[in-house]
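Chains A and B are the protein sequences, given in the same order. First residue of the first sequence? That's 1 in the numbering used here, and the numbers climb one at a time after it. First residue of the second sequence? That's 1 in the numbering used here, and the numbers climb one at a time after it.
Hints may be right or wrong, so weigh each one.
Stated by the list, open to error - Label pairs and their in silico Cβ distance ranges:
| # | chain 1 | residue 1 | chain 2 | residue 2 | range |
| --- | --- | --- | --- | --- | --- |
| 1 | B | Leu101 | A | Pro176 | 45 to 51 Å |
| 2 | B | Ala260 | A | Val179 | 29 to 35 Å |
| 3 | A | Phe271 | B | Glu211 | 25 to 31 Å |
| 4 | A | Thr148 | B | Gly262 | 17 to 23 Å |
| 5 | A | Gln79 | B | Ile89 | 35 to 41 Å |
Claimed, not checked - Chain A stretches covered by chain B per the calculated footprint, using a threshold of three residues with CB under 8 Å from any CB of chain B:
| # | region |
| --- | --- |
| 6 | 76-88 |
| 7 | 208-221 |
| 8 | 249-263 |
Think of the hints as simulated: they come from the structure by calculation, not from any bench. Predicted model only: the values in this text are computed from it and were never measured. We put the CB at the ideal spot given by N, CA and C, even for glycine.
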Amino acid sequence: MAVVEDDVVVSKRISSSRTQWPIFIALVVVAATIVYPLYFVIITSLRPNADYLQDPFGLPGEWTLENYLRLAETYGVGQAFLNSMFVSITSVALVLVLASLAGFALAKLPVPGTKYITATFVSVMLIPGPVLIIPIYLMLARLDLVGTYWGLILVYVATGLPFATFFLTLSFRGIPDEVIEAARIDGAGFFRIMWSIIAPMGSSGVATLAVLQFLGVWNELIFAFILIPEESMRLLTPTLASIGERFLTDQPLVSAGLFITASIPLILLAFASRYIMQGLQVGVSR
Amino acid sequence: MTSAALTSRVGAASAAPTGGAPAPRKPGGIRRRDRVVGLLAVLPAFLIVVGFMAFPVGFALFISFTKTNGLTYEWRGLDNYIALFNDPIVHQVFLNNLKFLISVPLVIFAALIVSVLLFERVRGWKFFRVIFFLPNVLSVAVIGIMFRNAFGYYGGVNQALAVFGIEPIQFFTNGGTAIAIIILALVWSGFGYQALLLLAGLTSINPAVFEAAAIDGAGWWKRLWYITLPNIRRVLGFVFIINVLYTFSSLFGFVFVMTAGGPGFDTTTIDYLVYLRAFSSTNLGSGAALAVILFLFIGILTLIQNKVFKLQEED
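Whole structure, please, built from the sequences with the hints as guidance.
If you want it as C-alpha cells, here you go:
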C-alpha cells in the first residue's frame with residue numbers, strides 16, 4: 001500500500017516559501033479549534049466549581065483533584081473504568097484471535113467458498129447499528145445474557161469481526177508464500193505457522209487492528225447502555241452520560257468525567273498514532 | 001527451486017484477484033487437508049458474524065411484521081409499516097434528519113480547506129495531521145457532553161457572552177439552536193478525518209501535472225480550482241455519501257447525550273426513534289419496522305454510491 005509521504009519533495013518544490021507562512025498560520029488556527037476545547041475541559045476539571053464560575057477562562061485560582069476523587073468515590077467512575085477496561089481488552093483479544101485465524105486461512109489457504117465468505121464479511125459491514133438494537137437485545141435476552149459482560153463482549157466481537165477479518169486478510173496476503181512453504185516443508189503445522197510466521201510478520205497489521213478495535217469498543221455507547229442495565233456494572237461511557245445529565249450545574253465535575261473517558265484514547269493516539277494512521281490508509285482503500 | 005520459477009510464482013500470487021484462492025499446485029492429499037484446516041479456521045469468525053449480525057437483520061425483518069412485546073409474536077403483516085407511514089412523529093423525525101444534512105456541505109467544506117492546507121506540506125504537517133485526527137479517537141459520548149456543556153447555561157459560551165453583557169441563552173430549549181449545536185459537534189468531530197481522506201485523494205494526483213501548471217505560471221488559486229478540485233471529485237463524492245449515511249444512521253450518540261431527542265421530538269433522528277420505540281413502547285414491531293426502512297434506505301444509498309463510482313472509474 002502506497003504511503004502518503006512519498007512525494008514530499010515534489011510538492012515542497014512547487015509551493016514557494018512565500019506561501020508557506022500563511023498556510024502554517026491557517027493550520028495553527030484550525031488546530032486551535034480542536035485543541036482549545038480539550039484544554040478547556042482539562043483545566044476546568046482541575047478547579048473547584050466556585051472558582052470556575054468566577055473566571056471560567058482564566059487559569060484556576062485554586063488547583064484541585066477533588067473532582068476526580070469525588071467521581072471515583074461517590075459515583076463509581078473508578079469501577080466503571082475498570083469494567084470498560086475488562087470488556088475492551090477481552091473483546092479485542094477475542095477479535096484478534098478469531099480474525100487472525102480467519103484472515104490467515106482466507107489469505108493463504110484454499111478455503112472452499114472463499115468468495116462467498118469474504119462477500120459475507122464485507123456486506124455485513126454495511127449493516128447500520130440501529131438495525132441490530134432490537135433483534136440483538138431480544139436474542140441476548142433469550143440466551144439470558146442481558147446484564148452480563150459476556151453478552152456485551154459477544155456483540156462487540158460480532159460487530160468487530162467483519163472489518164477485522166477483512167483487514168487482516170489484506171495484510172496477511174502481503175506475507176510471501178515461500179516463507180510459509182518453507183516452514184511447511186520443515187514440518188510446521190497450522191498453529192506453528194500462525195505462531196512463528198504469521199504473528200511476527202503480520203505484527204504491524206495486528207497492532208494497528210488492536211488499536212482501532214480497542215478505540216471502537218472503549219468509545220461505544222448504545223450497546224453498553226442497553227445491554228448492562230445494572231448501575232453497579234455500568235461501563236464508562238454510559239456512566240459519563242448519566243453524570244453529564246445529572247450535574248449540569250457542576251461543570252468541573254463533568255469535565256473530570258470527560259477527561260477520564262478521553263484519557264485512554266488520547267494516550268493511544270499519542271503513542272500509537274503510527275498504527276492509527278496506517279489503519280486510516282486501509283479505511284480509504286475500502 | 002530455480003529463481004525463475006520463484007519469481008513467476010511471486011508474480012502470479014501478487015497478480016491473483018483479491019478473494020481468489022492460491023493456484024492449485026500441491027498434491028491432492030495436502031491440499032484436501034489445507035481446505036479442511038482453512039475452513040475450520042474461518043468457521044468461528046464466520047459463525048459469530050452470521051449468528052449475531054446477519055441473522056439479527058432477518059430477525060428484525062420478522063419482528064417488523066408482528067406485534068410483539070418480545071415474548072409473544074402476533075403476525076400483523078404490513079400493519080406496522082402502514083402505521084409508520086401515517087405517523088406524524090415519523091414525518092417530523094424524517095424532516096429532522098433532512099435538517100441534519102446541512103452538516104454535510106459544512107463538513108466537506110471544512111475538510112477541503114484543511115486538506116488543501118495540509119497538502120502544501122509545510123513544516124510540521126505530520127503533527128497537524130495527528131491533531132486533526134484527534135476528535136476521531138474520542139467517544140461520541142465525550143464529544144456530545146463536551147458540546148452540551150460548552151453551550152449549557154453555565155457553559156463556556158454563555159460565560160463568554162456574559163463578558164459582553166449578553167444574557168445567558170438556553171440553547172437546548174429551542175429545536176433550531178439545538179440542531180445547530182449538534183451540527184456543530186458533527187462538523188467538529190468529522191472534518192479532520194475527512195480532510196485526511198481528501199488528502200489521500202490529493203496525493204494520488206500526478207505531481208507532474210502540478211509542475212507543468214506551475215511552469216506555465218498558474219498561481220496557487222488557479223491550480224486549486226483547475227487541477228486540484230477536478231482531480232479529487234471521486235473522493236469528494238465518496239466523502240459526500242459517507243456523510244449522508246452517517247447523518248441517517250449514526251446520530252444516536254449525539255442525540256442521546258445532548259438533547260435526548262427534545263425539546264418534544266425536535267431533535268429526534270430516525271435511529272434515535274428506533275431506540276425510543278424499542279425501549280419505551282409496548283410494540284417492538286414498530287421500532288423494528290422503522291429499522292428495516294432505515295436499512296433499506298441506507299442500502300439504496302450504498303448501491304447508488306457503488307454505481308456512481310463504477311461509472312466514474314470507467315471514464
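Cross-check of the supplied hints:
no.: 1; hint: B:Leu101 / A:Pro176: 45 to 51 Å; verdict: holds (47 Å)
no.: 2; hint: B:Ala260 / A:Val179: 29 to 35 Å; verdict: violated (55 Å)
no.: 3; hint: A:Phe271 / B:Glu211: 25 to 31 Å; verdict: violated (38 Å)
no.: 4; hint: A:Thr148 / B:Gly262: 17 to 23 Å; verdict: violated (32 Å)
no.: 5; hint: A:Gln79 / B:Ile89: 35 to 41 Å; verdict: holds (38 Å)
no.: 6; hint: 76-88; verdict: violated (count 0)
no.: 7; hint: 208-221; verdict: holds (count 5)
no.: 8; hint: 249-263; verdict: holds (count 8)
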